[in-house]
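Following the hints, position chain B against chain A.
Protein sequences appear in the order of chains A and B.
The opening residue of the first sequence carries number 1 in the numbering used here; numbering runs sequentially from there.
The opening residue of the second sequence carries number 1001 in the numbering used here; numbering runs sequentially from there.
Note that these hints are calculated values from the structure, not bench results.
Since the structure is predicted, the reported quantities are computational estimates derived from the model, not experimental observations.
One or more of the hints may lead you astray.
[As the list claims (entries may be wrong)] So these bits of chain A aren't anywhere near chain B, every CB distance computed over 12 Å:
1) L51
2) F128
3) L158
4) R159
5) H229
6) T236
[Stated by the list, open to error] What follows is a list of derived Cβ distance ranges for each label pair:
7) A/V19 x B/G1132: 54 to 62 Å
8) A/H175 x B/A1251: 37 to 45 Å
9) A/T15 x B/G1233: 17 to 25 Å
10) B/A1103 x A/A125: 40 to 48 Å
11) A/G152 x B/G1060: 15 to 23 Å
Using N, Cα and C, we set each Cβ at its ideal position, and we do this for glycine too.
For reference, the chains in residue letters:
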Amino acid sequence: MASPWERFFAAMARTLAVVVMLAPLAVACILVTAALAGAQRPDPLRFVSSLGAQMLATVAIGSLGAAFGVTAGIGTAFFTRELGAGRIGRAIDMAAVGLSAFPAVVLGWFGATIVLPEVLGRTSASIFFAACIVVTLAVLPRAYALGALALGAITPALREAATAAGASAGRVSAHVLIPAVRAPLRGIYADGLTRAVGEAAGVSIVFLAAARSGYPVSLFTIAGSLVGHAQTMQVTDAGIAQAALVVLLLALAAQRIGARSGGIQWAR
Amino acid sequence: MGTVTSAPLDTFRPRDAIVTALAYASGAATAAAFVALATAVVALGWADLRYAFSGPVQLGTGLTYSLLVVAVALPVTMAIGIPAAACASEPIVGTQIRVALLASLRWSLGLPPVVIGVAAFFVAMTFVRSAGIGAGIAALIVLNLSNATARFAQAYASVPAAAREAAAAAGASPVLIFFSIVQRRAVWAVSAATLTIAAQMIGETSAVLAASGARSAQAPLPLQIWQYASDAGMAPSEASSCIVLVLSVAACLSLARVCRGRHRSSMAS
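Bound conformation, chain A alone:
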């Protein structure tokens, strides 16, 4: 028979587990309530047209950033774990791990101060390009860590068998390891897309810097504009809640794609 203290701990642990489960649902419920009953309501026609344009920008920047960032992250994992042994491999591993120490706000500063002025021409495309680079840098370290985990989970016997049959490291990677980790790789791409569409701090800095420097800022990502409004929000704005719900749905859709294609181990 368990002591009262042990029963108390088990009950408390279960209650807190329910709190952890309900917290994300509470966030969704708050946003739905605010979207339906917010004090400030935007003009529906203008709101839908502006949200449509922002959604296009969000999906385009998110998809491109995720595609480049995740591909570079996974490619680097293949390089450090399979192809580039020795000091170079270790140095690049340190660089990839080191990138994870740069928070999104620093990446945004980099995009606004270094990348944006270097891109040729003061056009919307320059801003788009700088924002894509920021998202790519934000997604890359996590994709690297997940890619390295996926490669580490492959049984060594598979590599040994292929090597014994005379396959080079490149051939083992292309014809043995990639097919073996296909499902996790799809999951990493979906995870990257989830993070990329929700990336706000870095992208908003690039857009604000472009607006300050006189670039023609015609598009904003939804998450970026949400953060951009942070300083001026004073009331429960239904439009902001609806925009946040769209970001949430985009992130959940990307996650759903990842889960259907095999998914990845949670937590990293």
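Below, chain B without anything else, positioned relative to chain A:
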């Protein structure tokens, strides 16, 4: 009579070359990105680092607020996350809730921080009529609850099942096994998870910004950087703040790496 044909080409070779080239290019691009970022931050910010503590960015105040936010948010997150992780990793403690918790963790880890920040802002505006750093702390806690639970559960799951089974065979209760075997053996892994979450909290901008706004200079360091980062004239002082922020995050991540190494060696021995 059949015709003589040439031997089939090695169809493997082009794919080998593409994968190898992509891996090398990715490695080079990652190294270049790291060098470019580090060089830009250091080259622009190193000279101003001394003056940044007394300049308009108020680096000292920002750092103090960052530490204050982490000092409040991290213990609360741990206090909820550790028992919840016990539910996730120990079937007898978690019972039926365990399956639902694991399923919930799978989808709740990808919630965009800005969305959580906006929700915290709305709650603060509805109940307190003003949003401040308190709303930011609440957003940080909600953002990291799933993440912390998942990391702690992974740490506990890394303890070999044989240790649990031996204790159970000797008559120990599940809660006793959790505290005397699992917690003790996973102490380095739990430390690594805690430091990683601390690093995430120090660098987090979107959730805290959306929840609290950045209306005054009395804000954590990432919010102060965000406020002035789009101003090209302040690039050097911003770079100094970036150096301090990156070093703070890197220190936590490095310690986490050391703890993870210790855990691995303690599990191997």
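So which of the earlier hints does this model not fit? 5, 6, 7, 9 and 11
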